[in-house]
Structure formats: structure tokens, C-alpha cells
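Peer 1: What follows is the residue order along each chain.
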Amino acid sequence: MNLTEKLKAFVGSSKGKIEKDEKGKKYYWLLEKIKGEVVKTQYGEHIEKTVIYGKQYEHSGLKLSKILEIPFDELDAIFNNKHKGMDILRTAFLDTETTGLAGGSGTYAFLIGVGFFEKNCFKILQFFMPDYSEEASILVRLNNVLSEFEFLITFNGKVYDIPLLNTRYIINKLDSPLKEIHNLDLLTACRKIFKKRLKSVALSNLEKQLLYMERENDIPGFLIPSVYFNYLRTGEIDGLLPIFYHNQKDILSMVNLLYAVFDVVKNPLYSHICRDEDYICIGKLYEDRGDFEKSIECYKKALETESVKKEAYVRLSLLYKKLNMWDKAVDLWMEMVNKNIDPVFALEELAKYFEHKEKNYEEAVKAAEKALSILMIKKRLLHIDDNKIFDFKKRLERLKGKKSKAIGQIYLL
Amino acid sequence: MELSGVLENLKKKDSFIKNVTCWKVIPSRKGEYAPFPDCIDKRLVNVLLDKGIKSLYSHQRKAIDEVMKGNNVVVVTPTASGKTLCYNIPVLNEVLRDANSRALFLFPTKALSQDQVSELLELIEGIGENIKTYTYDGDTPQDARVLIRRDGHIVVTNPDMLHTGILPHHTKWIKLFSNLKYVVIDELHTYRGVFGSHTANVIRRLKRICRFYGSNPQFILCSATIANPGELAEKLIEEKVKVIDENGAPSGEKNIIFYNPPIVNRQLGIRKSSILEAKNLALEFLRRDIKTIIFAKSRLAVELILTYIREGLNENPLFKSSIKGYRGGYLPKERREIEKGLRDGEIKGVVSTNALELGIDIGSLDVSLITGYPGTVASTWQQMGRAGRRNSNSCSILIASSNPLDQYIINHPDYFFESPPESGLINPDNLYILVSHIKCAAFKLPFEDGEKFGNAPIQEYLKFLEGEGILRHVGGRWHWMSEAFPAEEVSLRSASMENFVVIDITTTPRVIGEVDRASAPMLIHEEAIYIHDGQQYQVEKLDYEEKKAYVRKVDVDYYTDASVSINIKVLDVLKQDFINSISKKYFGEVLVTTLATMFKKIKLFTHENVGAGPIKLPPEEMHTTAFFFTFEDKELDPEKIQQGLLGLCNVLVNLAPLYLMCDPKDIRGVVEIKSPFSKQPTIYIFDNYPGGVGFAEKLYDIDKTLLKAARQAILECTCDEGCPSCVGPVEDVGYYAKESALEIIQGVLGD
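Residue numbers (my numbering), protein chains in the order written: chain A, 1 to 413; chain B, 1 to 751.
Calculated from the structure, these hints are not laboratory results. Mixed in with the good hints there might be a few duds.
[Said to hold, decoys possible] Covered stretches of chain B (chain A as the covering partner; in silico rule of three or more C-beta atoms under 8 Å from a C-beta of chain A): (1) 165-173; (2) 437-449; (3) 481-487.
The structure presented is a predicted model; accordingly, all values stated were derived computationally and were not measured. Just so you know, even glycine gets a beta-carbon here, dropped at the ideal spot from N, CA and C.
All chains, full assembly: derive it from the sequences and hints.
Peer 2: Written out as C-alpha cells, the structure reads:
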């Protein structure tokens, strides 16, 4: 038995045997179908498709050109952008379709889509790798195109598309344009705002929940690699068309999402996109960047949402405390005790307040005693041994000491 | 008291000396020294001087000189001869010369990597330069990984991590691969068999990636004594290697004693337990404050000996706590503490499995006691090497068990002293192993037309993989065309890496140890007595799904021992043929089932059986390939057939590694007197590796050669009815094994 026979007998699988398609170069058929063109570079040739969306084009209810009106510096905080002067005309949107989802250096990006605004129109360029041998060709074209831009918007690109493309450039011994460009990742931004309300921040779910969009006849992402492999093996091109389409939709949705994020950040109280749990996330976002007025507004709004009510009370009261707005803070804590919203937390804060701020040890003792009694009931009924009990006992001891000392001082007077 | 005093006493003690079958004194030898080479950075030399290293041993100097000349080297000298300096000096010197230089250190296990890093860090700290040294393995936190990839001068890892964690992501390691000057492979002798064959292919992949990034690293290897270090090294890295094996380290006088415990029951030939003898001897030394290591063959034996020794030291509680156990399954932190205690001298004695045989630095000890022959000549020398100081005398005692192999060795000391240590065998071009690594390599970087993979021409493999739809050939290159991540599907070692954790629930639950998956059914089945650091625990619950065993402290006077049965089932016959007109041979897929069936309760000290119970656990299954053959049984009586089968199976399994170039542990044999598959007596030899790696298939092809070799081995053996060097000890295989094995071979080969 020779080696090939052996390999077939011991390692080979019975299914999926491929007879090589000797006719090769079938991809010219593809040109016709997708209305693309062959582009030659010094490294080979590949297919490019250009789609132009006019000034009035609407994607899922949004006129794309609306995004040109956005004052972009509003978005710096949400994107953590430290490079000032973000400008939509110097910003590209990027999405790739790849031969596998696991990552690692054996995964190729066979279709790279880049979207950007040009003369009031939105333009998508798609670079398609007709075979492995032409990879360097699409990479070098991508490099050309991206060199015009300073910012790159992606959806999960920070973790997926960009490292993958960097790897492709390294393997092809080409310079990567992605080292220079500032990446703004929409997934990170959306996660910051919507993670509490939406169970999933996958693109498809965001489309559904935020943009009220349902894709029809869309190819599921996990099928994409096998469709491409099938094309390589058989020259079958029909399956590829939905991938081009899918890639375009992804890019358009990114534009919409960017607008949605902007809409929320600009004025959360009047945005129709955000609601309920989102307010606590946005409030926190504002608090982090020091915009306390807006933060307070959002937290107040979040008080109305049952599932985050407790957190909103806690955050808002602590923010008041931080800002030395004691009256408001005390009101909130009282309210929490009355409404039985995390009363132990509120009583602890009250005890601290009375002890350190008011020096009213009697009130402080009352608050601490009340908290302790709640904890003791919990312990009896639910057998939850909270180490807070110990803390409160110590606090009470100290307070009682201070109290008697204070009384002593009064007598002395 | 000094060791020499104790030895003098032993010599005079009749009850001891009458059981000694051999007392060999290896005289002390002077060290051979050489100055530091001039090319070594003064900062490095100064640190060495500060540490009291005034000059190099001749072999260290020679190794460094060869490395400086640009040669690959393999250093083969005994334990504690300063092997690590042979690579630490050139590597640190290079990084001091050029801060961009990088080095990769490979150790077979995680524990060894950590040990090495701490030693290296000490040197680096002394130098005062910012030479970044990190271990990179499964335990490395995510955020540290980014830093290591970019800045690590010296990256310390293991072949498994290189295979799945580093090479597939080579584009993140550009700095390392572009500037890689040295690859250090320590414990070369462990890279044998399947593991070694896999690692050789991982090295091929490493070298391929280095070429891509324009580096061409030099290799520095270290090995314990084996018969063929140069050959193994050259096969592993596929380059010329200089062997440095003239030890320049001094050594004190060394006593090697073979001790055969006295017979306690002449009729049954039962000897006094080697475990109890080891305990008695250990106490002789430990009571006189002589640092002693006791090796035992199993985890259970380690814990038993530890318990007994502590019992024996009851009168001195301080002493008692300075005796520790050491084995796989102790938590890493605990092990590090024990290693440190041994180096510092706080720990006087340690009872260990062969886990301490590897190059973990535990300083020098005075005495090593080996409870039971470790199985190979090389291993025995390694364990003996743990005792030995440069300037004073030391002693190693091999204590035989009743096991026939032990008895053979203990009664034939010349056989032991004259045999060369075992060879390290690998076969990187094994069909299965090679194919899986070609896949991994193609995933990382497309193959070019005509490119070789190491020394292996692979065009035919590439074409085959293209036919399978895994690769695509276009533009003169072979591209990966699958969604799968191939490195994850290939494990370098046969054993599964999954562990069971042992949780003590006596008070607040806490994890006290780990047990590997294969041993779990034997050691932590419900009701088992699990002994950890001399403390007995009873297993209350084994959560097999979650891989957790819950144990509670107990104090009982017994331990438990589980019985295992192995079953084989033929799933598919891939090839078959007649050997002669009646015997048939097969190659096919089989399912090997290992099942722990019951356990016995065995009383401490007396070792009598005081009870038993069932073990209810799912069987461990392994799907693999086997070579098996049948013969006609009409002329022999069943008892003889059974013995002959066993005997022949032993011979074949012992001989086959010579033809397969594999490690003896890579294959196993099973016999069936009436196989459900063939309805005839059948001998199976299977790959001890999930999925099979092609050993069985090779055996199918060389069936007659192998059988003839077996016949010759049996005929040439001078024993009467069988011994460990042919069909196996009479006590194991029976009185007719030799005769009937020969008859079986005759029947199969004759025609």
C-alpha cells in the first residue's frame, strides 16, 4: 500500500471527498451576478463591488444623511475617544466575513466591506477574495482605501475584525493600515447603554429591539464559512450573493446604531430609543464623565423602573452625598426606609449621617438599632447570617459611648 | 550521627546485612573546573561570584563554548551537576548583549517551569537589569498575556501550550519569533514515545514559524542519562547536535545497596513488605537527622509510608512535622512549599512518587530509599541520583518488593549495573501524528509547493488533505479551508488533562488535592480511604459529572485498594488476512473499557484483608486501534492456552517497542481465551492512545517478524519456566507459559 492509499484508509473520511474543479477561474460569472468588477493590483486580482446609497436613502426608517448632522464630540465619552476632532467625513465603517469563527492565524477574511460618506451619499465598497491566492490583493486595496480615513467604526471589531485583519497583513508581510486608525467599537458602546435592559447585545437583537428591524432571508452567520468553501470547491456562486447582501446590511445597521447611540447620549430623557433600565446605565455613564446634572436626571427616571429601582435609589442617594446635597440624600434614605427599599443600606447611611454630620447620636442610635432589628429578623426567619450584624453591633457600641459622653458634656455645662 | 557511622552500623548488623544482595561503593571523584569564558558579561559573572560560584565545571564550560560557536548542544550529566547554568549563562549573556534577543524555555510540566523561573529570577535580580522572564501556560492571567507577548525576553512554557496557545496565534508573538535566539529544552529524556513524537512535530512547526519571521534559533537541550541522548535530540529538533556527557562536577563517595526483604512464608514465597522495610530503614536515618528521600511506586504507597514514618517518630513531634509527602495531586502551592523546605533544610525527609525524579530543585539529600524497582534502569539511576553531595558520602538503597521483576533485578545486580539505560524512541513521521500536525501547520501558515515539514516530504499528504477538502491548493500554496481550529483537536499526551478535585468537608469545605481522571475510579470511589499528607479521609460522595470528591477526616486502621478489569470489544475490522491456513490476523478499531469493579479494605501494618465493597462508577472507555490474531485451540488444554496467551502477549508487548520506535507505555496487550469476536483464542495489542496512532497497524504489517523475534527471545532465554525477561514471571503467568507460548508461535508460524 502506498502512502496515499494508507492515508485514505486510516485518516480519510468517507464523506466530503472533493474532486478538484479543474475548470478553475469561474469567478467571472460572479462579476455578472453581483455587478462587480475585477481590480488588478501588484499582488493579483480580486473583485470589488460598489454600492451607493443616495442622499434620501432610508435604512430601517433612518435617512442615512441625518448622521451628517451629528456633532460628534458628544460621542467621545461613550467611545472613550481620546483623539479629538472626530469627523464623520473622516470615518469609515468596516465589517468582514471570514472563513471561521474560532480565530487564529488560519482564518481568512474573504469579504471586507467598507462604508463611508462621500458627497452626501453613503458608499459601500466590498472587496472579495475570489481565491486564497488573491488575499494580498484585497488587503493592499483595503490599505489604499483606509488611508483616507482617521476613524474606523466597527461592531465587535476591536476584538474580532481588527486583530484578524492585522494577522492577515502580517502573514502576507504587508503593512497594516489598522495600526494608525482610531477604532470606535459600537458593541462596546451599546453594551454600556443597553446591557441591563436587553438580554443580548448581538447585532441582530439590537436591530430588533432598537431599530425595529427584522432581516428577511438573511444568511445566518455560522453558515457563511461553509458557503464560501463550497464556492471555492465547486464554483457555485449563487450562495455568495446573500453574503454580499448580509455584509452591506451589517454596515448600514452600524450607521443606524451610531445614530441611535447619539440620540440616546444627546438627550436620554427625550430619546424614544432608550427606556427603563437603560437610564441607570446612562446615568452611570454621565456620572463617570462628571456630568452630574444629567446623571441625576437619568437616575431619577430609573427610579420608576421596578427592576433597577433599588440600584437607582442607592446610586442617586450616593451621588447626592458625593455632591454634598445632604437634604436630598437624607430625603431619599428616609423614603427608602418608609418604602422598604434596601432599608438596611439606607439606615446605615442615615446612621453615618447623624453621627458624623449632625452629631445627633440619638438619631444615629435609632437608625442603627432599627437596621440591626431588621437584620435580626432576617436571621431568625431566613437563617441568613449577615456579617453586617457584627458591624452594626460595633457601630451601636461606639454610638452609645459617644452618646453618653455627649450627655455628660451637657451635664457639665 | 554522620551517615558513615550509620552505614558502619548497618554493615555490622546481621539482620540487615544478610538481606543485602549487593553493596557497591562508587568512589568519590574530584571536580574538574574551568574559568568563566571571557565573552561572558561581567555583570553576570559578578552575580555568579556573589552566589559563591567561583568557576565552572568542565562540562558547563564546554557546553557554553559550543553554544558560543553556534552549535546546538545536548548536556547529559547526572542530577545536581549544574545543568541549568549550561543554558542560563548563554541566554542571559545574549539578552545582556542585545535587549531585543528572545529565548523560549520548554519544560515538560508546569511545575518544572515555575521552579525554573524562580531560579532564573534570582540570577536576574542580582544582575539588576530589566530582563523579563515569565511563565506562559494555562494559569497565566489574560491581562498578563499581552505583556508577555510583547515584552517577555524569556518565555517559559510547555510543549502543550506552545502547540495550542502560542503557535496558532503567532502573529501576536512577532517580537518573540522575529528575535528568537535560543530554544531551551530541558528534561529531554521525557520526550519519548507518543509525547516525544508529537513534540518533535511541534518543534517542526516552531522552526517553520521562526523561518517565516526570519529567525533561526539555536537549541540547548538537557537530559538525564539515557542510552541515546544525541540521537533523540537530533530526531527531536532535526539538526546536528553536540553531545556533552563528561561530567565535571565533583561527587562524594556513593554507596549503592540492593536490599531484599526477608522471606516470611517459605511455602508461599512471601517476603516482608517492602513498604515496612522502607519505613524501618528510613527511621534509621531520619532519627539521626540524616536527610532522606523515600521513593514509592504509587500514591497510596507514598501516603502509607508517610503515615508509618510519622508514627515511628511519635516521640519527637518536631521531627514528625519535618517529614512530608510529595506526589501528583498535592496542590501546586503545597508542592512549592515542600520543595523550598527541602532546599532550606527545614524538611528532613520526603516520601515521594517519581514526581520528584524530574529536575525539580530540592537541593542535595544524603540518602535515597527506593521502594520497589521503578521499572526502568534510567529511572532507577535518576532516583538514586537524588542522594549525593559534592563533598560528602551518600547512600541509595533499592528495596525489592515480592514482584518478580523486582526479584529478578535484586538477585541479578550485574544485570542492572551492566545494562545500558533505556533509549528514548520517537517516530515523528508516524502517519497519524504527522497528519495532525501538518493540519496545524497549514492553519498557521499556508505551505508552499515543494516545502518540507522538518525532514518530512509532505506533498502527498497535502494532496490528500486537499482531496479531503481541508486544504486548497492555489497559486502554488496550500491554504487552510475549514472552520475548525485544528490544534484544539490534537492532544500531545495520551492522558486526559482533566482532574478531579478533592474537597475536605470536615469543617468549612476546602480543596485539599487533585486526582487525574484515569486514577479517579481507583482512588476516590465512594467509601475509599483517601490519604493526603498522612491524614486519612473517607470519600463520602463522588460527583462524577462535576469531577468533585467530598471527603471527611477519619481515623481508621485500614486503607482501600481497588481492582480493575480491562475489556476489549472489536468495533470494525479495517484489514484482515491469513497468517497461515488457520491463523488469522486483523487490524481494526476497538473499544477498550477499563472498569474499577470492587475495592478491598486492607489493615494497616499487617496488610490483611478485612473487608470489601463494590465500586459503582461508569467505565472509562477508549476508542483506539488494535492488531490482533487468532489461532486454533484444539490441541492444547485451556489452562495451558491461557498461560501461553499471557506469556506470548507479554513477550510481544515487550518486544514491539523496538520495532515501533515507541515507548513501552504507548501500547498495551490483552488476551482472550475465547474471543466473542473470533470465537478463538486471541491476542490483542492496542495503541494506548485515543484514536490510535498507528502502532497497531504497523504490527499488522510486521506480524511474522515480530512473532519470529518473540520465538527467538523465548528460546534464547536461559530460565526454566519463564522469567521477567521472557514470558514473564512464573508466579504471574504460570508454569506452562513458556512451553505453551512457544507452541502457539510454532502453530501460527508453521505451515
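Peer 1: Does each hint fit the structure? Answer for all of them.
Peer 2: Checked hints:
| no. | hint | result |
| --- | --- | --- |
| 1 | 165-173 | holds (count 5) |
| 2 | 437-449 | holds (count 5) |
| 3 | 481-487 | holds (count 7) |
Violation of the numbered hints given earlier is absent; every hint is satisfied by the structure.
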